[in-house]
Amino acid sequence: MATRFRKSIKIAPGVKLNINKKSIGITAGVKGAHVSVNSKGRKTTTVGIPGTGLSYTETSKIGASTDKKTYNHNSQVSSNADGTPPNPPKNRIPKKPNKGKRTGKTILFSVLIGVLGIAAFGGLLVVFTEGVELLDIAMLTMIAGFMGLSIIGLKNSRKDNPATSEGSPNAPKKKSLGFIISIVLIIIGIVLAFASPSELDIESISLQIPEQEMDINDEQDITFSITPDEASASDLSFETSNDVVITFSGESGSGKISSHKEGEAYIYIAADNRVKSQKIKITVVDKEKIKKAKEEAAKKKAEEERLRKLEEKRKKEAQEKQQQEEQQTYVYIPQTGSKYHNNPSCSNMNNPSHVTIDEALNMGFQPCERCY
0 MATRFRKSIK IAPGVKLNIN KKSIGITAGV KGAHVSVNSK GRKTTTVGIP
50 GTGLSYTETS KIGASTDKKT YNHNSQVSSN ADGTPPNPPK NRIPKKPNKG
100 KRTGKTILFS VLIGVLGIAA FGGLLVVFTE GVELLDIAML TMIAGFMGLS
150 IIGLKNSRKD NPATSEGSPN APKKKSLGFI ISIVLIIIGI VLAFASPSEL
200 DIESISLQIP EQEMDINDEQ DITFSITPDE ASASDLSFET SNDVVITFSG
250 ESGSGKISSH KEGEAYIYIA ADNRVKSQKI KITVVDKEKI KKAKEEAAKK
300 KAEEERLRKL EEKRKKEAQE KQQQEEQQTY VYIPQTGSKY HNNPSCSNMN
350 NPSHVTIDEA LNMGFQPCER CY
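Note that numbering that gives the first Met the number 0 has the sequence shown beginning at 0, numbered continuously upward.
Honestly, the hints are just simulated from the structure, not real lab data. For every residue, glycine included, the Cβ atom is placed at its ideal position computed from N, Cα and C. Among the hints, erroneous ones may be present.
[Said to hold, decoys possible] Listed below are the simulated SDA-like cross-link pairs for lysine to any residue, each with C-alpha atoms no more than 25 Å apart in a straight line:
no.	residue 1	residue 2
1	315	302
2	288	301
3	15	280
4	280	261
[Claimed, not checked] If you anchor each label on the Cβ, the simulated ranges turn out as follows:
no.	residue 1	residue 2	range
5	312	365	47 to 55 Å
6	243	203	25 to 33 Å
7	289	241	56 to 64 Å
8	299	234	52 to 60 Å
With the hints as constraints, model all of the structure from the sequences given.
Encoded structure:
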């Protein structure tokens, strides 16, 4: 029983490395159009319409003609044995080249050159903005190699068309120096891609902020940590359970929350490998509104306290007045003696009588010097 081995590795957007038992190849392209080149020098071009099942595939040896062309020559006129002139030779009309096929190849290689050019421009922007990394150099090297192959293919597709070719149509195509350089660039890019350090996956994320209250229309910086420290934090997603109350944004190493409306929301950070941080509850309040409410409550309480004290004072004064009136109106007279008293215990009175002061005066009693 024979064993089969085939492995496809994505090394860059739109670029895959194909490995099997007999050869190593590279596939580059976009949805509906791609070109594959293997280590045996065989190139496979595929163009199709996604979703329709219609596609066109052409396989050829790089540097060799893909179409055999037939060129017709007139036969030499000779006499027959009986001396009669021979029949005139039939003029053979050469077949017209498949212009649609050549046009399709030209468009394909032109599109590939454009896509690779855009990818190269984007890679250069990344290098100039974020710094040079080994993987970026590998990607740009492979893009340059594939662009070289695409340019060679574009030139060959034009040479196959007699209307645009130069020189003899029967001249065999030879492997050019550009083809060799392009293959070398692709190989160098693959080696650099494998040599570049692979990014570590994030194992855990920790938000370094406690649950808290936050004033409305305010902002606060958030710090967080990831494990391991060498993992990249460039593809993190800053999430919130209610973006009407809280919005959460950030970048590598730090974040920022902004409050917009009173309420509650949970914030957390998620990585592209589904690792998430703990969820932190943030309560948004209007502190100015709360301050005014407290001030109003304090004023109301102070007013109630003032009214209560006034009422107590009024009651106390009324009681004192009543006591004074009672003291001034009623006196105590003894069973014997000539003095009336304010205190029933004064002069050791025994069972004194409680009468009005007018009654005591009318009875001839005089005020006690101790009580008055």
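Next item on the list: Provide an ascending list of the numbers of those earlier hints which the structure does not satisfy.
Entry: Going through the list in order, the structure violates hints 3, 5, 7 and respects the others.
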